[in-house]
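Visitor: The primary structure of each chain is shown beneath.
Number of protein chains: 8
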Amino acid sequence: MDADNLVKILEAYKNSKASLEEVLEQIRLQEAEELEFACVDHGRMARCGIPEVILGQGKTADQILSIARQMAKRQSPILATRLSPEQAKLLAAEFPQAQYNELARVVKIGQAAEPASGGRVACISAGTSDLPVAEEAVETASFLGAQVEKFYDVGVAGIHRLMRHMGVIKSADVAIVVAGMEGALASVVGGLLDKPVIGVPTSVGYGSSLGGLAALMGMLNSCAANVCVVNIDNGFGAGVLSAMISRLAAKRSV
Amino acid sequence: MDADNLVKILEAYKNSKASLEEVLEQIRLQEAEELEFACVDHGRMARCGIPEVILGQGKTADQILSIARQMAKRQSPILATRLSPEQAKLLAAEFPQAQYNELARVVKIGQAAEPASGGRVACISAGTSDLPVAEEAVETASFLGAQVEKFYDVGVAGIHRLMRHMGVIKSADVAIVVAGMEGALASVVGGLLDKPVIGVPTSVGYGSSLGGLAALMGMLNSCAANVCVVNIDNGFGAGVLSAMISRLAAKRSV
Amino acid sequence: MDADNLVKILEAYKNSKASLEEVLEQIRLQEAEELEFACVDHGRMARCGIPEVILGQGKTADQILSIARQMAKRQSPILATRLSPEQAKLLAAEFPQAQYNELARVVKIGQAAEPASGGRVACISAGTSDLPVAEEAVETASFLGAQVEKFYDVGVAGIHRLMRHMGVIKSADVAIVVAGMEGALASVVGGLLDKPVIGVPTSVGYGSSLGGLAALMGMLNSCAANVCVVNIDNGFGAGVLSAMISRLAAKRSV
Amino acid sequence: MDADNLVKILEAYKNSKASLEEVLEQIRLQEAEELEFACVDHGRMARCGIPEVILGQGKTADQILSIARQMAKRQSPILATRLSPEQAKLLAAEFPQAQYNELARVVKIGQAAEPASGGRVACISAGTSDLPVAEEAVETASFLGAQVEKFYDVGVAGIHRLMRHMGVIKSADVAIVVAGMEGALASVVGGLLDKPVIGVPTSVGYGSSLGGLAALMGMLNSCAANVCVVNIDNGFGAGVLSAMISRLAAKRSV
Amino acid sequence: MDADNLVKILEAYKNSKASLEEVLEQIRLQEAEELEFACVDHGRMARCGIPEVILGQGKTADQILSIARQMAKRQSPILATRLSPEQAKLLAAEFPQAQYNELARVVKIGQAAEPASGGRVACISAGTSDLPVAEEAVETASFLGAQVEKFYDVGVAGIHRLMRHMGVIKSADVAIVVAGMEGALASVVGGLLDKPVIGVPTSVGYGSSLGGLAALMGMLNSCAANVCVVNIDNGFGAGVLSAMISRLAAKRSV
Amino acid sequence: MDADNLVKILEAYKNSKASLEEVLEQIRLQEAEELEFACVDHGRMARCGIPEVILGQGKTADQILSIARQMAKRQSPILATRLSPEQAKLLAAEFPQAQYNELARVVKIGQAAEPASGGRVACISAGTSDLPVAEEAVETASFLGAQVEKFYDVGVAGIHRLMRHMGVIKSADVAIVVAGMEGALASVVGGLLDKPVIGVPTSVGYGSSLGGLAALMGMLNSCAANVCVVNIDNGFGAGVLSAMISRLAAKRSV
Amino acid sequence: MDADNLVKILEAYKNSKASLEEVLEQIRLQEAEELEFACVDHGRMARCGIPEVILGQGKTADQILSIARQMAKRQSPILATRLSPEQAKLLAAEFPQAQYNELARVVKIGQAAEPASGGRVACISAGTSDLPVAEEAVETASFLGAQVEKFYDVGVAGIHRLMRHMGVIKSADVAIVVAGMEGALASVVGGLLDKPVIGVPTSVGYGSSLGGLAALMGMLNSCAANVCVVNIDNGFGAGVLSAMISRLAAKRSV
Amino acid sequence: MDADNLVKILEAYKNSKASLEEVLEQIRLQEAEELEFACVDHGRMARCGIPEVILGQGKTADQILSIARQMAKRQSPILATRLSPEQAKLLAAEFPQAQYNELARVVKIGQAAEPASGGRVACISAGTSDLPVAEEAVETASFLGAQVEKFYDVGVAGIHRLMRHMGVIKSADVAIVVAGMEGALASVVGGLLDKPVIGVPTSVGYGSSLGGLAALMGMLNSCAANVCVVNIDNGFGAGVLSAMISRLAAKRSV
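Residue numbers (this note's numbering), protein chains in the order written: chain G, 1 to 254; chain L, 255 to 508; chain E, 509 to 762; chain B, 763 to 1016; chain W, 1017 to 1270; chain S, 1271 to 1524; chain X, 1525 to 1778; chain H, 1779 to 2032.
FYI, nobody ran anything at the bench for these hints, they're computed from the structure. Heads up, some of the hints might be wrong.
In the SDA-like style, the derived pairs of lysine to any residue whose C-alpha atoms are separated by at most 20 angstroms in a straight line are [what the hints assert, rightly or not]:
| no. | chain 1 | residue 1 | chain 2 | residue 2 |
| --- | --- | --- | --- | --- |
| 1 | H | Lys-1786 | L | Glu-265 |
| 2 | W | Lys-1030 | X | Ile-1591 |
| 3 | L | Lys-268 | H | Lys-1837 |
| 4 | B | Lys-776 | G | Ser-16 |
| 5 | X | Lys-1694 | X | Gln-1671 |
| 6 | B | Lys-779 | G | Ser-16 |
| 7 | W | Lys-1030 | X | Asn-1539 |
Reference listing, derived: stretches of chain S covered by chain B, where coverage requires no fewer than 3 residues with Cβ under 8 angstroms from a Cβ of chain B [what the hints assert, rightly or not]:
| no. | segment |
| --- | --- |
| 8 | 1498-1504 |
| 9 | 1510-1520 |
This one's a predicted model, so the numbers in the text were calculated from it and none came from an experiment. For each residue, glycine too, the CB sits at the ideal point set by N, CA and C.
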């Protein structure tokens, strides 16, 4: 409950300006209302550590613009994901400071946290076709303050490409592994690191890849114990998780 | 490569005690051998942050004892999981300092890290039948140094049970959510926290629960962006991941 | 058999105006015919409590118009679902009294039961993308006489939004829960109510949501015992069921 | 919040026997505690319309006895489901008034509502092998006060067996249809009724029945709009739902 | 082997017009060639009782025309299935005697057997959307000489519609049941007949119908023992099978 | 309706020995009763061409004996399938004329039709492990009067074994193909015959055979148009279907 | 056809010791018989390069002994797989020269090809639990003459273990990779070799490994183009294939 | 490591032109760099026996051209697969020596190995719709030096078509079998050959073919032990594997 409101009600009661029934009713109403109030004011940012994010997919350009304007009024930083080029252009036209990453299909306006205020995230991807998902993760994590380094096109079909980067990768606080087909890269990275590894299976593949289910099942059954998994193509989720984890590490140096 | 060995070879070569061919051969051999050597000596602990763990499932009691003896010789702390009562008894008989958690099916001998040297982990489970998996996660995480608090039997069929603990849960560095059936608890917890949430679907359920696949799919499709998932009944993996994440946080207070 | 017809035949036989063979033949014919006759005259409405409904999907605009005209001749109220904007416009052009809900993709002409003659239905949905299915349920239920209240965008990623409405929701006779992704909202609502809850999984989601199967499996495995489920995106079915259930309650106040 | 407690706190405050800080603290504590308290005292019964139920599956006989004793102390009626014969015998030995339905694997001690205080439920099953699930539904519904009539062994392989009972079935408030194999009985009954139909797919079948998935999918895709579905073999859920629905009807005659 | 050819070779050998080696070679060649020859000349018709059929799906109009011309040269009757309107028009333009069933997507030129020379087939379908598949079955069966009677739109949501036709249906030699959604119609018909029933699941449905898999599984698990099943939407296969079965019956009256 | 009964009622009415009300009531009762009566007396045999069959699976020996005694009283021939050796022994002990096929797990007492009164059935199986299912089909078909010839162990791994029997197989009226693993035998036989082929996938196999699903899917997708399919391991269904089909052929020679 | 027989028949005909009809009949009979004869005499060995193999699974010890005796009479080498310890003991008791590999569940009597007459096969396995399948492959390949080297327990959770053996592995003609869980080892090995790689997914794993389906799908979707796959746990198939491939290489050095 | 570089470093050290620290650093850098260097220069060709291949699917024409130019500069032969006609035309316009196989969707520029320098590959396909996949396999295998013979349209629905080619097929070193629907052709060919058989399931089919999964499962469960499988529609993989296997055989004749 909102402390100020509660005090006022109680004082009104003590001063006999409110009956017992009125006070009971007020307290009951507040139980619900202040939750909502908190939500609107500080909202998702305070509760979950991330501002609300606009998922472009399945929305009209008008709907996206309208939400962005509301957020802008509240000085909220804005992250919009899965935007079509048309949606992105309209958003960019209205907000000159907008940054558009076409590959990631993401528009950012402002930052949810100081750039590089968080810890270090290594984003590793297997093939060129996995890049849109990897970039979505990178944009999300850096929007939330993480320092992200990219290691792209290092799939297990040529594992030496990964090996030469392992030294740098080991110094990160958390690794994201983005891979389609059989998703074996997550297990290989997991077996070489002593940090959490977030596997992002992608829908890259054909035939029995079943739209990414093969990679998903592969990562879930990883023989490396430090691999966890998010939904297929869910670069956004991996970005959020990696930023949250890296924050824990970042605070230690303060 | 092992630095000391390398120096010796190079000096022998400079002092003409070894021919160019011999040096080249030695360097080549070392490329492979020192990897292996590192593995045996400091091994998994150094590379992955966790010592080797004995998975009891599918092993004979003799095999388990034999591996445990080898580890004991090297003064390695021991974690053995998925033990039958018989396997556990034999292990405990030989190692008097062994601690056996029957519900978790886990035996621990020593600690891989100072007790409570890591950060804070909240382990939340939905129903009584999920306890073996939850306890496996708890034992693993605390073996690796995490401070774990348990919140059991707080499933969404009576969500007020969860709500009253949320204040304490919010102060943890990472949450584990163990749930079978539809696994909705992971989404509810994820929506209330600004920390990473590790979902562990369990095989608890019947009919179309498909041995835990329903809970797994539920958690993977969570509407909360900070939920990642490990394999069905994989309490061990959740324990490892949560300990790794909490370590990042623990170091900050040093 | 139709009692009047049967009496006439028997009297004709007694009065020897019909032979035994003729009577036997007549009775046999009636066995089939009066069933059919009942169907055509009072038909589905009498038998199943709902008039026939026009499913727009997979029909040409001509077919839809033709069926609607036949029903209109019989003074039957008309509900047409899953209409494209083009189908809806043609229907509206011919029947000026038609009401078109674009979001629900539904056209209604008349009412199958007095408005609000039934009981109270609460229609709860998780996210904006679930609205077309939720609205189809609402239109169907109100067409059949139910009093429907809507509670939209109250998904578990921000559970406080649901909580503040629970008081009103509890006063309904039956609740519909429309949710995609993991479908956890059905379990949460089910755990808070002492009324039947009809879960409608939607195809909203991506990756391993498998076109709504994840939400479907989640709802089927709900830990709340008062949750039943209809097919993915089946707002129409949920509307029919909720209206039927609420009728039972409505009659008590007469 | 508990009204009595709240009044006491407020009066203590008004009478200056408690400081403002103490009152605020008390109200905060109550927010959580009275929820829990309500749960224990009136609990599930008040909130969800059904008392807690003991699911025998996966519990030891000792655990079942212990829970039953706790409930008995609180004068709570007891329903225990999925009991092995051994579990049932122990329960019956301790509670002489216990009623054991071996086929249903259910023990009942007392009633959660006056016998036949609810509405009328028709429980229809396809084959002999479906009886344990059907009986579980019957026992649950009647424990919750419903008047249940049984129509067993009326599967569609001989549809005339069902037809002759349709007159009686039509007079019920709600129908439960329990069927394995292809589950077609739910569609047939649904097409003949103007009441809600709860389909319970069973794991009866072989080969491609996939443990009841074929029947489940059949019922979910029913061409009858008034069919909803619960999990495979979930007689308990169907019993709860049917009792809740029939209660709505029962109240009208008061 | 072709008897005439064989006799010629042997006589040439006896008359010493061919060496032993030549005879051996000839016999070996014939083993393969006459099989092939039989195939081309009388071919599939002789071996399998049906001429080759042109599956339009996945073929260009040119390919279809080219095959049809080859068959026409050999005076073969032609059945072309799964034709687009464009493919059908081109075929009809070249062969004036072609008969085009637009709903069935089938063109026929000639007959593979005398019209109505076979036995009686009842083709029963559940809903309007199942008609293309039902018509494909009807066209195929009648092309092969069967006498087909149609019973359309008699799904189990209104089972009385089926019942009144059962008398006529019972007099057929074999029944085809075409149904989507849950496919329950096959079980109902199977339970009422003493003849083989060929179930054709269709891809009609949505959500968990999984493109016809729900209907397929329903029919495979039918509680009626006289139901067999062909692939989803496979009206052609059902037509072939029913014609073959009905031929057995037709011959008896000769 | 039973013609004799109907005549009596009508005559009683004409002779004024029964009132109009009594006649109406009688006719209504008969609608239901004579269906039921027909079922009990001539029953399933008359309606479906096969007597009721006792499925041993899931029944106690007592239940089986009890049903068999009832059938024996009515002079009904008895077929009991899926019997355990114990169930079979008890049945054989009571009915000395019982014939027990241990491999098929079938007991027969009497014949439902004159031996070899039906047409010719070829039962073809791929491997030794498929024999129980093949024998169940053979016993069922011959119980129903078919003349069955067996062609066992002729799987496609050695296709010449099948080829040498094709001459005889071609002379049958219908073929049953029993095969597990990939089920390719059904396609091969289908491509060589101009008769209906009933595919029976078996659960023989391992790994990705998925308990017979691989064979089932193989047969459903057969490139031969004359192959239909029954459920996995459903030898009984194949026996019934083949007997029904062969009857059509058998009658022609009369 | 058997050339000698054919010559005799033709000569008899030329010498008029046989009529034309008799010759035609003989040739027809031979078409079938010599195929069968070839099968029995040189049989599978000649046709497929491997003798018949006894699959113990699903056979009684008597059946196994009986087949082994028949083979022994023909001096055929014997390979029996998937034997229980009991089956193996009985076989060994009768054939003193039998070699029993308990881990592989295989008994061998003699050799199908000279030991090490074939090429070089590398058999690589991921974990200890995969050993029974790996050993079955090794025994089968060496029975067929291959030179097999084993590289066990080199899974990707510690990829350096594999790396140090790659030099030797690269010199083999073909590699077998046996792995459960996510099966990533096949991709890693495939990416490092210029030889064919046969992936054998195993049923080792739990939860969403689905009895080996996760590993199977992983290997099928491998990003390495030289990986092919056999059924889950099919060590026998991998052994046969690797021996066949290595034979091609072995012959070159002759 | 690159031998020349290594020698230079060591000599510089011996001659005291480099300090110990410098040598150690150089060796460490080389560990990574020379791997990478090898990759760029001789690269994939040396390591895996095949040059890098351009997968057109999912790439823009510009990307394809850019990669092709880079490869052309290095005199690398080029294979580009899954090209759209537009992509192919652009490639052909720039490289006059390009050969475009429209059916296979493949462009080749040069050869990765001397034409016909490898062994003999038989490419067998079931139906006309399987040709694009079969041709992709053929082009890939011949690009890598194999001698490929084609046997098209020989599916099991008319098995005599296959039989007459078996003599020639048996003389190949390895067979590729390309088939959709039930994929039975792989088993039939496997049962007739003593060589490895590579099964390529195709997505040809409908209904329960599930996009090629039915054929894939069929081939994986083949009763012939010499059949291995690649992913659905993976003609490229089959081409690579068959070329690798046939090389083993080809070298023997040198």
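Visitor: Against each hint, give a clear statement of whether it holds in the structure.
Guide: Here is how each hint holds up against the structure:
no., hint, result
1, H:Lys-1786 with L:Glu-265, "holds, 16 angstroms"
2, W:Lys-1030 with X:Ile-1591, "violated, 46 angstroms"
3, L:Lys-268 with H:Lys-1837, "violated, 53 angstroms"
4, B:Lys-776 with G:Ser-16, "holds, 9 angstroms"
5, X:Lys-1694 with X:Gln-1671, "holds, 14 angstroms"
6, B:Lys-779 with G:Ser-16, "holds, 16 angstroms"
7, W:Lys-1030 with X:Asn-1539, "holds, 8 angstroms"
8, 1498-1504, "holds (count 4)"
9, 1510-1520, "violated (count 0)"
In summary, the numbered hints that this structure violates are 2, 3, 9.
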